[in-house]
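**Student:** Construct the entire structure; sequences and hints are all you get.
Just so you know, the protein sequences line up as chains S and E, in that order.
Heads up: the first sequence is residues 2 to 271, going by the working numbering.
Heads up: the second sequence is residues 14 to 311, going by the working numbering.
None of these hints come from the bench; they were simulated from the model.
Derived lysine to aspartate or glutamate pairs resembling EDC-like cross-links, with alpha carbons at most 16 Å apart:
1. E/K134 - E/D73
2. S/K92 - S/D259
3. E/K113 - E/D99
4. E/K270 - S/E260
5. S/K239 - S/D223
6. E/K113 - E/D102
7. E/K134 - E/D70
8. S/K164 - E/D219
9. S/K177 - E/D99
10. S/K154 - E/D219
11. S/K231 - E/D99
12. S/K78 - S/E103
13. S/K177 - E/E194
14. E/K270 - E/E257
15. S/K239 - S/E219
16. S/K231 - S/E219
17. S/K239 - E/D80
18. E/K134 - E/E149
19. S/K164 - S/E194
20. E/K234 - E/E194
21. E/K114 - E/D99
22. S/K78 - S/E96
23. E/K270 - S/D259
24. S/K78 - S/E260
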Amino acid sequence: MMRSRANLLFRAAGVVWLATLATDVPSERACADEAPAKMVQGLAQQLLDRARALVQDDAVVQQFEQQFGPQFRQLYKTELHFMRLVTRPTKQQFEKIAAEGEAGLKGVIRRFARNGAAYSAGEQADPRTLIADALLQPVRTTLSPEQAARYQKELEQRAAARKRVVLLDLVAKIDKVLALTTEQRAQISTILENNWDDSWDHIQFLMYGGQYFPRMPEAKIDPLLTETQKAVWRDIPKGNVRFGLNLQVMLQGFEAGDEVWDDDQPAEKK
Amino acid sequence: MSRPMLHRSLPAEGLEWALVALALLAVCVVGVDAQAPRKAAAPAVQPAVVQPAFSDDQFDQWVFQQDRNASVARQRLNSRLALHVDEIDHACKLTDEQKKKLQLAGRGDIKHFFDRYETVKQKFQLVKHDQQKVQEIWQAISPLQTTLQSGLFGVDSLLIKSLRHTLTDDQLARYGVIARERRAFHHRATVELAVTVLEQGMPLRDAQRRELITLLMNQTKPPRKSGQAAQYYFIMYQLGRLPEEKLKPLFDNAQWKVVSRQLNQFKGLEPFLRQSGQLSDEEDEPNKAADRPAAAKQ
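**Tutor:** The structure is reproduced here in structure tokens:
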């Protein structure tokens, strides 16, 4: 689809350029016609740029898919297994959900291919969360409302656990540099929870980013600190550090096995 | 946590169609001389490859990283010392004499660090023009970086060791309470981080997650030293050494297959943990036959 759109744009740009080359304009008219000429040239250039960008985009997505597609599929496979564990579908239901979720998986891969390592503030950078989101719709249309609700609830609990670990480890990071009291740790944890920013949710940042601190609600944290703590805290650079996508950290190079189905397995019907 | 909707494909699609329409319209109504002058591209200049000679500044940046140089690092370490003495004072209500003793001990830790730095720097001076030998000196720079990252005032520091001789029994007990609370807090943070990382390979149900966190809190020791990556690896190393009988029942077969493989790779972390000071001799208890580590059975 992207290729055909790129072709269309290339053709349109070509038509514009041919038209401009074919027109013989006397030199005395050149000045008068300069403005519309520039407009057409600019338009043709925009068309060419956009067409080139589309071709490049397509190539980037293909290259990314070749390189990381298997890892994303691995994530998808483990997420499907989790869904099975929670909702207990029949084999047929499972296979239908897996097939319908493929489109969502491709969308996630495309999104990561385009973003690369650059995420804007607040953007979800965890592929598993996005893959789970993509599975929700086929789960809802294939399984009973009760089964779908169970899966949804587990995803919410996973998200809550993830948020809790980010808060805990952020406070631990601050504690390491400011030697907080027990009360300060609790107060800062509440402040961070009430001013949550999705961009804090980078596991690599919590694992390896010992010396990096994200932007935090300084105005709310500052009054809780002693003068010595304030002086140290002020000197610590804070910013949006991006570690990007690291599927190796997620998968550690290991593959989940194929789903095993037992004929005696209890299944729930829709 | 809010989860954004999946990104819609190509938001610029409408713009492209508008551009095509405009272009065709423009061709119909405008006659132009579009022979724009084209500039010849300037030949690319290939930069000469220069063999880098490492400067003293470069050495300082390797050692002090975000502090960049010894002066800034010293200032930061002095501030950290002030923080630690403040913290102990807050809990124990120190006398001026006690404060002075603790400050002296802390300054001893800072001096000890800079003595190590000077020793490595002297070695660097001898080899800084030889790239190959500078590579070798990394073995000496790395422990300095680790020390700075994990902090100078940990359990092995003069500051903490001097507490026993400086504080009264009552003060020591009060300090012990806040130290234990901090250790437990950091232990919890690292355990939950380890479980989150494990879950990236294979997600767990909420009940499984809670059980695993409880098991880890009860069966692993808090790290001896600060430093997030080393703490995380220390917990994973301990997790890999837990008896399979305790760990396996938490997972189903497919999960266990992935989790046990993940844990298996942490077996080889021992030298790293020893170097970073997380693992001491007391962790070297011989494995009993019944307590054969989970990872070893794979």
